[in-house]
Amino acid sequence: MEIKKENIGDHLKKHGVKPSYQRMRIFEYLMNNRVHPTVDMIYKNLISEIPTLSKTTVYNTLNLFLEKNLVITIVIEENEVRYDIDTSLHGHFKCNVCNAIYDFSVDSSYLEQEHLKSFKISEQHIYLKGACKDCSC
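Each number in my numbering corresponds to the 1-based position in the sequence shown with 16 added.
Calculated directly from the structure, the hints in this document are not laboratory data.
Beta carbons are placed, not taken as given, at the ideal position from N, Cα and C, and that holds for glycine.
Careful: at least some of the hints might be erroneous.
Claimed, not checked - List of simulated lysine-lysine pairs, PhoX-like, C-alpha gap at most 25 Å:
| # | residue 1 | residue 2 |
| --- | --- | --- |
| 1 | Lys20 | Lys60 |
| 2 | Lys21 | Lys71 |
| 3 | Lys60 | Lys71 |
| 4 | Lys34 | Lys84 |
| 5 | Lys71 | Lys84 |
| 6 | Lys29 | Lys71 |
Stated by the list, open to error - Simulated DEER-style distance windows between Cβ atoms:
| # | residue 1 | residue 2 | range |
| --- | --- | --- | --- |
| 7 | Val113 | Met57 | 16 to 24 Å |
| 8 | Lys20 | Phe135 | 35 to 43 Å |
| 9 | Phe135 | Pro67 | 47 to 55 Å |
| 10 | Asn76 | Gln140 | 21 to 29 Å |
| 11 | Val51 | Thr72 | 17 to 25 Å |
| 12 | Asn23 | Lys145 | 32 to 40 Å |
| 13 | Pro67 | Lys149 | 33 to 41 Å |
| 14 | Tyr75 | Tyr143 | 17 to 25 Å |
Take the sequences, apply the hints, and build the full model.
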């Protein structure tokens, strides 16, 4: 789903989020920077234009977005939480060399396997690690 900048406030309201300036800027950052950022990355990139921004505000905003299903978390490494604005079913590949994270498509039919029929799946995470095409040459 592509959301225009001028519609971010309405999109947040539709999901039960009061659209403050900081929340809208954090959401816009996630829309424009599909790099699966951390709290620190978002904070460092927005602090120059929002001097009153704190890491706590970024963290709390992302937790609110998570609660309202506007983002998902990616925890490939134990000590690093990243955020993804794409909440659709897809996988992530992390390059062990440059640390970039790439999205890839996943066929949802794997959830229809017979031995999973009686399970109630609440989360799905598909992570691959290795060297990306730029680093494996």
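- Item | Status of the given 17 to 25 Å range, CB of Tyr143 versus CB of Tyr75 | About 23 Å separates the Cβ atoms of Tyr75 and Tyr143, which means 17 to 25 Å holds.
- Item | Holds or violated: Lys60 to Lys71, with C-alpha atoms at most 25 Å apart | holds (9 Å)
- Message: Given a hint of 35 to 43 Å, does the C-beta separation of Lys20 and Phe135 actually sit inside it?
- Response: Between Lys20 and Phe135, where Cβ atoms are some 39 Å apart, the hint holds.
- Task: Measure nothing beyond the straight line between the CA atoms of Lys34 and Lys84; if it is 25 Å or shorter, mark the hint as holding.
- Result: holds (11 Å)
- Message: Checking one constraint from the list: CA of Lys29 to CA of Lys71, max 25 Å. Satisfied?
- Response: Since the Cα atoms of Lys29 and Lys71 sit roughly 23 Å apart, the hinted pair holds (cutoff 25 Å).
- Message: Between the beta carbons of Asn76 and Gln140, is the distance compatible with 21 to 29 Å?
- Response: Given range 21 to 29 Å: holds, Cβ gap about 25 Å.
- Are the Cα atoms of Lys71 and Lys84 separated by 25 Å or less? holds (20 Å)
- Message: Holds or violated: Lys20 and Lys60, Cα atoms, limit 25 Å.
- Response: Given pair Lys20, Lys60 holds - Cα atoms ~24 Å apart, limit 25 Å.
- Message: Next pair to validate is Lys21 with Lys71; report whether the Cα-Cα distance is within 25 Å.
- Response: holds (23 Å)
- Satisfaction of the hinted span 32 to 40 Å by the C-beta atoms belonging to Asn23 and Lys145: holds (36 Å)
- Query: Do Val51 and Thr72 keep their Cβ atoms within the hinted range of 17 to 25 Å?
  - Reply: holds (22 Å)
- Message: Tell me if the beta carbons of Phe135 and Pro67 are separated by a distance inside 47 to 55 Å.
- Response: With Cβ atoms ~48 Å apart, the hint holds.
Every hint from the earlier list agrees with this structure, and none is contradicted.
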